[in-house]
Amino acid sequence: MNRRLFLSTATLASGSLMLGIKARAQASFPPTIDDFQPNRLLVFQKDGIIRLITNKTEMGQGTNSSIRLLAAEELCVPLDWIHQEVRVPADEGFVGTGGSWGMAGYYRGARPIFATARQLFVNAAGQYWSVDPKQIILEEGEFRHPTKSESVSYASLLEVASKLEVPEEAPLILAQAFKYIGKSHPHVHLEAQLNGTLPYGIDQQCEDMLYASIERCPVTQGKLKRFDSTAALHFPGVQAVIPLEGTSWEAYDYFPAGVAVLATNTWAAQQGRHLLEIEWDLGENQKLDNDFIQRHFSEQLDGKGVVFHQTRTEPNASENGTTLTAIYDTPFWSHSPMEPMNTLAAYTTKGCELWTPCHMQSRLLAAVKEVTGFSDRQIKIHTTYLGGSFGRRLLVDYAIEALLLSKASGKPVQLLNTRIDETKQGHYMPAGKYRLESSLKDGLPTSLKLKVVSLSIYAQREPEQLKDGIDHAIGDDFLRYPYAIPYVQYEQMLASEIQIPALWWRGTFANTAGFVMESWMDELAHSTQTDPLAFRLALLTKTEDLVKIRGEETMDKSLFRGVLQEIGRLSGWKKKRKKNQGRGVAACFTFFESYAAIVAEVSVKGNRLKIHKLYCVVECGQVVNPNLVRAQIEGGIVFALSAMLKASITFEQGEVVENSFGDYPTLTYKECPEIEIHLLPSERPACGVGELSNIPTFAAVTNAIFDACGLRIRSLPLNQYLEV
Amino acid sequence: MPSYSLSINGQMHTVEAPGEMPLLWVLRDLLDMKGTKYGCGLGICGSCMIMVEGKAKTACLLPVQAVGKQAITTIEGLSGNNDHPIQQAWRTAHVPQCGYCQSGQIMRAAALLQEEPNPSPEQIEAAMSQVLCRCGTYPRIKEAIQSAIQLSKKP
Ligand code: FES
Ligand code: FES
Chain A
0 MNRRLFLSTA TLASGSLMLG IKARAQASFP PTIDDFQPNR LLVFQKDGII
50 RLITNKTEMG QGTNSSIRLL AAEELCVPLD WIHQEVRVPA DEGFVGTGGS
100 WGMAGYYRGA RPIFATARQL FVNAAGQYWS VDPKQIILEE GEFRHPTKSE
150 SVSYASLLEV ASKLEVPEEA PLILAQAFKY IGKSHPHVHL EAQLNGTLPY
200 GIDQQCEDML YASIERCPVT QGKLKRFDST AALHFPGVQA VIPLEGTSWE
250 AYDYFPAGVA VLATNTWAAQ QGRHLLEIEW DLGENQKLDN DFIQRHFSEQ
300 LDGKGVVFHQ TRTEPNASEN GTTLTAIYDT PFWSHSPMEP MNTLAAYTTK
350 GCELWTPCHM QSRLLAAVKE VTGFSDRQIK IHTTYLGGSF GRRLLVDYAI
400 EALLLSKASG KPVQLLNTRI DETKQGHYMP AGKYRLESSL KDGLPTSLKL
450 KVVSLSIYAQ REPEQLKDGI DHAIGDDFLR YPYAIPYVQY EQMLASEIQI
500 PALWWRGTFA NTAGFVMESW MDELAHSTQT DPLAFRLALL TKTEDLVKIR
550 GEETMDKSLF RGVLQEIGRL SGWKKKRKKN QGRGVAACFT FFESYAAIVA
600 EVSVKGNRLK IHKLYCVVEC GQVVNPNLVR AQIEGGIVFA LSAMLKASIT
650 FEQGEVVENS FGDYPTLTYK ECPEIEIHLL PSERPACGVG ELSNIPTFAA
700 VTNAIFDACG LRIRSLPLNQ YLEV
Chain B
0 MPSYSLSING QMHTVEAPGE MPLLWVLRDL LDMKGTKYGC GLGICGSCMI
50 MVEGKAKTAC LLPVQAVGKQ AITTIEGLSG NNDHPIQQAW RTAHVPQCGY
100 CQSGQIMRAA ALLQEEPNPS PEQIEAAMSQ VLCRCGTYPR IKEAIQSAIQ
150 LSKKP
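Protein chains in written order, with numbering that gives the first Met the number 0: chain A, 0 to 723; chain B, 0 to 154.
Simulated crosslink set (DSSO-like; lysine-lysine; CA at most 27 Å straight-line):
id : chain 1 : residue 1 : chain 2 : residue 2
1  : A       : Lys182    : B       : Lys141
2  : A       : Lys577    : A       : Lys609
3  : A       : Lys604    : A       : Lys645
4  : B       : Lys152    : A       : Lys669
Distance ranges between label pairs, derived from CB positions:
id : chain 1 : residue 1 : chain 2 : residue 2 : range
5  : B       : Leu41     : A       : Gln464    : 32 to 42 Å
6  : A       : Phe177    : B       : Pro120    : 33 to 43 Å
7  : B       : Gly79     : A       : Thr348    : 42 to 52 Å
Treat the hints as calculated values from the structure; they're not laboratory data. Bear in mind that the values here come from a model prediction, so they are computed numbers and not experimental data. Glycine included, C-beta positions come from ideal geometry on N, C-alpha and C.
Same shape as in the complex, but just chain A:
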């Protein structure tokens, strides 16, 4: 997606010379044009500001703050000249953020575009002085020539540059000369975050707006039978009560049937909800409870699935030594970003405007078009700052609900979910169940047979993404463990009968595949009385280093080995454990081409678990902004710990049991272990880090628990077994 985007950006670069220029008849100096846009990413202004227009959204990860560094680096200008903004979604050009590929994509795709812009201005300086551009020196945004006493700036060369052709190619700044890349810089929004002035979606306002809160059907795909709004309408501030029909799976995004209360303030809208009398037709999904789901998973595991990966044919039983089998399972998890879903929407018959914390703006635009029948020009989508997402804001359901309420009420509407809505009516990280079977001979595994049953996000929402009935999103993460095992067979079953809204979640299936695979490696190591780190390293040496995954990605075993070796050193792996103490290790390779390894240090006294420290080693290519990379690594670890300690979404009669952070707990300050991070130097281009450190955290911790007390955790969360 990203690569294609940048190809089209490159071909458009010269065509869009026309954009933003107020044409003048003749060249003059100082400039007579206000701004000049040589490509889709940059606008050079007369006042010296360089606008950087990206298609990425800020939600705490800071991608744009770091893309600024790339632009400043290639243009050789002071950092504060670069003002970043998010592109307004329109038909042409994708706007959306996800898959941890933001920085990686810009590092590869945007730097060459920045470089051609720089070269264009170098050429312009050459033309201005009638000298060979090769003799131009560019420093801190000033162009000089050895024979000239004056210098010129980007701003003063606008007119000249706008008349020249943008060069097809230009050399990149060499890594040795980096001034910004590789050094820590803050979030651009830091100051506003310190005094509460950064405007999130929830803070958006406009004239005459109403606040809305929706009581939604508690069971997926239930229907509204009847409702009585009399009492609600009497509550002070309540202005209207509006039913919403809800959508099917096939719609742009599923949202349940509901009844919305619109009021002059948020609190009145929420209170009005309590006064509604509603009768639902809960439908067949009432049957969904934990037992039903587990039974369905088990039945599927016992049946036959689709093989999605296999190496050679199965050896006959006589070749096998001892055999080990186990079943693992993982629960549903919620995203629960701290800012609940919300959108301010203003609909009129002439067009509509949305202010929304959504990071799939192009999808939102398509959904708004479908719902309203408006053309591109009639729709304006403003991207606000986002109070977290973890995947939830890839969807657009809340924005469409707000839009429909604005249309029905004739007023601008700010819809805000409550925390309880967020917990009970989310779209969840799918639960799964896994069966593993391995044979071992002479202390080494000879086979690994894996069966995974899981809800499939694709089967539910985009069945056209399935290939021969296989959901590769579920399968691929199991292929990213490069251990040499002669015979492997991986099989999957999609639990399509479980109609619970499923969604991408920071790392999604990489988390659960990581938990299962890296726990299993630990089980195999212990069964042969081998040190788990040494056991892994022994399985990473035999064959060539480069491994192709489904012919698409390349995984480098030497880097996988590298992060494991380094984590051994950093954590003092060989140090003697004290009584009740344990250490566990796990590693991963990811679809965004980074490698990480984690060692967890825990103690288990009686039944009480304490997680003392996590060490993390990362190989993520060129580190662009160490400050923000480290923040992502810290955040990923906390995210995984939050999920694995006490959190799970469970069901009773089709309804989610949990309500809020009280019974769906997130890690607290007190519970947060010490974290030590080591970023490995690398010559590779920048790779992703947003969904990295969470992946090996799960198994590192459970492996450490086994090391401490001999308890093998095969099911999450941990509070089923331990006091945490």
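Go by the hints and put chain B with the ligands onto chain A.
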């Protein structure tokens, strides 16, 4: 509708609201002070943390009728110039990620140091565990609190 005179960040504000309306919504929707955030409305997440007479309180559980003459401080009124020791320490440690919980974190930490300039690790844990962060900024909060304690000691 009853009317209330509130002292917020050293200024008097008059609002008309039902007495049970939580101060959080009075601040956000009636007075247009959006710095205090809603995270749960249940007193669990701490995103709405403010100071009432210098003590940390969750604004989502404080009915406007219970405020009376008590002085309210919100994130908007913590300092004139983003230079409260907590803000300075937060800046140096690059604490915020998405930042949504940070008004609450900063107000909770400021209230702690106001009450106890030299808090023990247990006191810090007890106070800061009242504000949740989904982005995982705890390691940096830990570091920032220590430097804020040092900063506050300087004359
Ligand atoms: S919003 Fe007040 S504690 Fe969560
Ligand atoms: S910084 Fe995002 S929730 Fe704390």
